[in-house]
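*Asks:* Working from the sequences, and respecting the hints, build out all of it.
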Amino acid sequence: MVAKQKMTGLNGDEASAYATKQVDPDVVAAYPITPQTIIVERYSEYVADGLVGSEFVAVESEHSALSACVGASAAGARAFTATAANGLALMWEILFIAAGLRMPIVMAVANRSLGGPINIHNDHSDAMGARDAGWVQIFCENSQEVYDASVEAWRIAEHPDVQLPVMVNFDGFTISHTMENVYTLEDEDVKKFVGKRIYMKTEGPKGEVEFRLDPEKPISIGPLDLQDFYFEHKVQQMEAMKGTLKVIKKVDKEFEKITGRKLEYVYPYKMGDAEVAVVGLGSAMGTVREVVDELRAEGIKAGMIKMRLFRPFPVEELKKAIGNVPVLGVMEKAYSIGGPGAPLYEEIKTVLYDSPKRPLVADYINGLGGKDTSPELIRGIFKSLQKIKEKGAVVEPVTYVGVRE
Amino acid sequence: MSDITLKDMARKPDALVCGARLCAGCDETIVVRQVMKATRGPTIVTNATGCLEVSTSIFPYTSWEVPWIHCAFENVAAVASGIEATIKAMHKKKEGPLAKYPKVDVIAFAGDGGTYDIGFQALSGAIERGHDFTYVLLDNEAYMNTGIQRSGGTPFGASTTTSPAGKAIHGKTETKKPIDEIIIAHGTPYVATINTAWPLDVMKKARKAIEVDGPTFLHSLAPCSRGWRFPPEKTVEVGRLATQTCVFPLFECRQEKGRPVYELSAPSLAIAKKPESKKPIEAYLEQQGRFRHFFKPTRNEALLKELQESIDTRWQILCEKAGV
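Sequence lines, in order, name chains A and B.
Numbering follows the numbering used here, with no gaps: position 105 of the first sequence is 105.
Numbering follows the numbering used here, with no gaps: position 48 of the second sequence is 48.
Hint data in this document are derived by calculation from the structure and do not stem from the laboratory.
Positions of the beta carbon are idealized from the N, C-alpha and C atoms, including for glycine.
Don't take each hint at face value.
[To be verified] Straight-line alpha carbon distances no greater than 16 Å define the calculated EDC-like cross-link-like pairs of lysine to aspartate or glutamate that follow: (1) B:Lys100 to A:Asp24; (2) B:Lys296 to B:Glu286; (3) B:Lys88 to A:Asp293; (4) B:Lys93 to A:Asp24; (5) A:Lys217 to B:Glu65; (6) B:Lys103 to A:Asp214; (7) B:Lys100 to A:Glu216; (8) A:Lys196 to B:Glu286; (9) B:Lys94 to A:Asp24; (10) A:Lys206 to B:Glu65.
[What the hints assert, rightly or not] Label pairs and their computed distance ranges (CB to CB): (11) B:Cys18 to A:Val235: 45 to 55 Å; (12) A:His177 to B:Asp213: 33 to 43 Å; (13) A:Glu316 to B:Asp213: 47 to 57 Å; (14) A:Pro160 to B:Lys257: 44 to 54 Å; (15) B:Asp213 to A:Lys196: 22 to 32 Å.
*Replies:* The following block contains the structure:
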């Protein structure tokens, strides 16, 4: 049965903070950085008003924010942090350690460009820099998705088959600072949904123990791991990430039961007979949907795929969504300087390589540093895709769209 | 304050058991065992990257009989913050696995690199936030784990692999960062220097540090046979000379009404009361290969004078602060 929900006006940061308040993790350690700051401000207010039991640790850097979360999570706490851009970059070392030590930390990232020169606006260069760190990465299109992901994240992270950290990504300013209607659950329903923290079981020196800092059954976490075991531990981690694909589906189903909202890994839209289509992440996909409708009204068989999940990469779901579309454009707010294309493009091409019938694929890098991804710009991308279709070949694999001449 | 006796401490099982891969003669195991003897109940240890960490935790073995975590090099104080915040939160919420213990103590171990240099920001932040934990600096005065590179804790004149004594430059040209003064300046409730040559003093101070609410700081001088170049059986002797020459005086500092109150510990107080018993720094330097160029090929009077004067000045300032 769908639980009682109320509609609240929340921007993305507030949606993240509100969901986290309802979860009431034991430790929130964070450092202010635009455009994430509203999260730490709101959360500090919840703490100041006694609405949560969390300890708020106002750390002196993002490096310490995530380090404190590792300490907290290892001690058995639910630990939350939030950051963006340079803050995420400063955490880089600990991103790998948190995942490698199997700490189910949840982190909100209000995606922002990673300068220099310095820029505070949205793109995905921060999150893409963290793509190999071992975190589950969810990308949100709007505040509702931020709220939903911020509740679900705990169940995914702490699942016994997963025990990995989860990063909830949403576009800086475009989502973080834009007020939208968000359906929120009651506190008790959120608490019931997330339940109590689950610990991974491991072999301690004296038999099976919970993987945490337990004074009664002590274990050593984060030891020196050499040639004889390190690789095996990494493979375990990779397998756990792969297993996440099953777990998220289960969690999505349970979430749907109480919210009525059906969450997917990828959202194909009008793909059935599409001749040209776009795939991408984040808030721009909302605008793409509008443009697809306009193009359809004009008789152009346009389609689109929004990806909610980036890590683990939903290979099968994506292949299915792409179907038989002959031309596919990858829209992404990221880059890999010197690389053959930007990250999403490279990965999608890799996924398609073994398909007997694969579309022509082109990469459209857009919106870096918050440059507007307008409906006109998206129309231009579709026009370019139509040209590829007519020609039957991709002339320019990677295009920077919306750049002034 | 609970009484600490050698007899009781000798009976207490070690938290760091034998079999670790630290070098023969390493002072770090001695410090850690003495400090851990002074724990009063459930204790969680966090360890910065360094000799102690790599040598006591090689998977699938561990030398630790207490819950222990290593995360990275520069963040041990931040990790401790997270552990301490967890204990607080679980007590407040009255739920979670640590809620049932009336008290869980948190101890962080880090070397001089992890404290004076790369871990300094995290340490300063954790102290400013007032977390209730004890930070133990294992000061062997260089990056020993990577092969004896100079750190902010390396003393003037010491030859290291990145401040080698050459024909033009005589070892490290800068003086040792006054870490205790910096930590005391934070308003840290309890700061003390410790030396394993005086085990009872170490354990008493460690217990005090653990019992005091808020962040506390124990600075141990950890003579390193490999890095300082002395025979491994001389560790305690070399350490003792550091205090007898006032290179490493032993003292405590607590805060009273917002003012630091210094107190010299017995071995240093005896020297302050009887200045003629203070040994010249040569007695300490001569034992160590890292100061060889002070004496060979010829005795470098200028270098000796410079170091002696700087040691004397610091000792004088400390005596003034301690009111002796």
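*Asks:* Find the hints from earlier in the document that the structure breaks and name them by number, from lowest to highest.
*Replies:* 1, 3, 8 and 11
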